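Chemist: With our numbering, letter number 379 in the sequence shown gets 379, and the count goes up by one each step, no holes.
Treat the hints as calculated values from the structure; they're not laboratory data.
Since the model is a prediction, treat every value here as computed from it, not as a measurement.
Glycine included, C-beta positions come from ideal geometry on N, C-alpha and C.
What follows is a list of derived Cβ distance ranges for each label pair:
hint : residue 1 : residue 2 : range
1    : PRO293    : GLU149    : 21 to 27 angstroms
2    : LYS193    : GLU149    : 57 to 63 angstroms
3    : ARG139    : PRO370    : 21 to 27 angstroms
Here are the simulated lysine to aspartate or glutamate pairs, DMTMM-like style, with alpha carbons at most 25 angstroms apart:
hint : residue 1 : residue 2
4    : LYS381    : GLU404
5    : LYS7      : ASP263
6    : LYS434    : ASP401
7    : LYS381    : ASP430
8    : LYS7      : GLU285
9    : LYS203    : ASP324
10   : LYS429    : GLU404
11   : LYS208    : ASP48
12   : LYS203    : ASP55
13   : LYS193    : ASP362
14   : LYS208    : ASP324
15   : LYS421    : ASP55
16   : LYS172    : GLU97
17   : LYS243    : ASP164
18   : LYS381    : ASP401
19   : LYS208    : ASP55
20   : LYS220    : ASP324
21   : LYS220    : ASP195
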Amino acid sequence: MQRSLWKTDTPLPRFPALDQDAHTDVLIVGGGLTGLLCAHRLAQAGIDYLLIEADQIAQGTTGNTTAKITAQHGAIYHSLVQRFGEDTSRAYWRANEAALDAYRTLARQFPCDLEHKDSFLYATQPSPELEQELAALQRLGIPAGTVEELPLPFPVIGAIRFRDQAQFHPLKLLSQLAQGLNIRERTPARSIKGDTVYTDQGKIRAEKIIIATHFPIINKHGGYFLKQYQHRSYVLALENAPKVGGMYRDIQENGLSFRDSGDLLLLGGASHRTGHPGGGWDHLEAQARAYYPDAAVRHRWATQDCMTLDGLPYIGRYSRSTPDLFVATGYNKWGMTSSMIASMLLTDLIRDIPSPWTSLFDPSRTIFRPQLLSNILETTKNLLTPTRPRCPHLGCALKWDPQERTWDCPCHGSRFAEDGKLLDGPATKDLPPK
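Could you build all of it, start to finish, from the sequences and the hints given here?
Modeler: Written out as structure tokens, the structure reads:
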């Protein structure tokens, strides 16, 4: 069993399970960072709410992050300008800067090892993507600089620097923020019909519902099973490795990321689509041995992220036909700032307060992007594959991951332990007995 660095030193408060039918103005389904930040903001606004979590809070992607708070999300601004134009791209940057400011404010109230760090996007070989990204940043007026040398274990040809970004300890924040919130753990949502969520312990009626389950669990509306897939990534916490002093990410998708945490170096990478072959631990540990031969692995863990069709998260009304049902998903590996944006935007929508970000993250925007065809073909192929076991979400054939010893869904990213226990959604139940 892998365990993240954050889970080793910070116990989280525990909450009782639901024990009877309930009614609330706002029901939040999902106890990760997004759900907890939403609950905190609703509580501050004096709005009646209830949060339910299928297991324990902050144990999924939130507890397995690398915890970098930055508006530098890979080479995203060039692609955003190409797809949406300059105004939308600039609005995306401003939303993420607002999220960074909100974390600074929260960290003063809830100390969580927040440190100001520069963020770097580097290239190890001549890369038109780096030049294109820099040109897009200059067009947008986003303050960014370049450097030619970095304290990494290999040479780079250059890097783009965002100054004064941040990193933190996510569970230190949430262990304090969650205290006093209205939460019910071990209360999985089994189905949702209209304004009512059905759980094993009773039903909950709500005026408005927020689905904050990482990958949305409702298939009837929104088409999220077509609009998203999931990526799995790996992290090592190394001791006896030199400090790097900032946050670093390769411009290439299969490259490495670096950041310090105390006396440890967090080395990330080996990403692949969930349910597909990938380098995983073997690849990442080989990189660690090559670049840091004197280092030892103290912790290792993996996580996965929802990837959208166009690089922007889906935050807002679940669909055009569900005005009182909301969603936050598709963070494209940048869940720290995106979760904070979701908490601010959804609280505004619930309170009928105009937000400059409503159209930017609208889940009902066009789905006609090249990735859509790839998602459809992947789902069709695995629906037609005549093998077992099958994913209870939509019936795709599961693939065995020999490194993590899990059954993984290549369509939508659900994962199951060897004995069939559900590990990651969007599936909501275990595999049936053999």
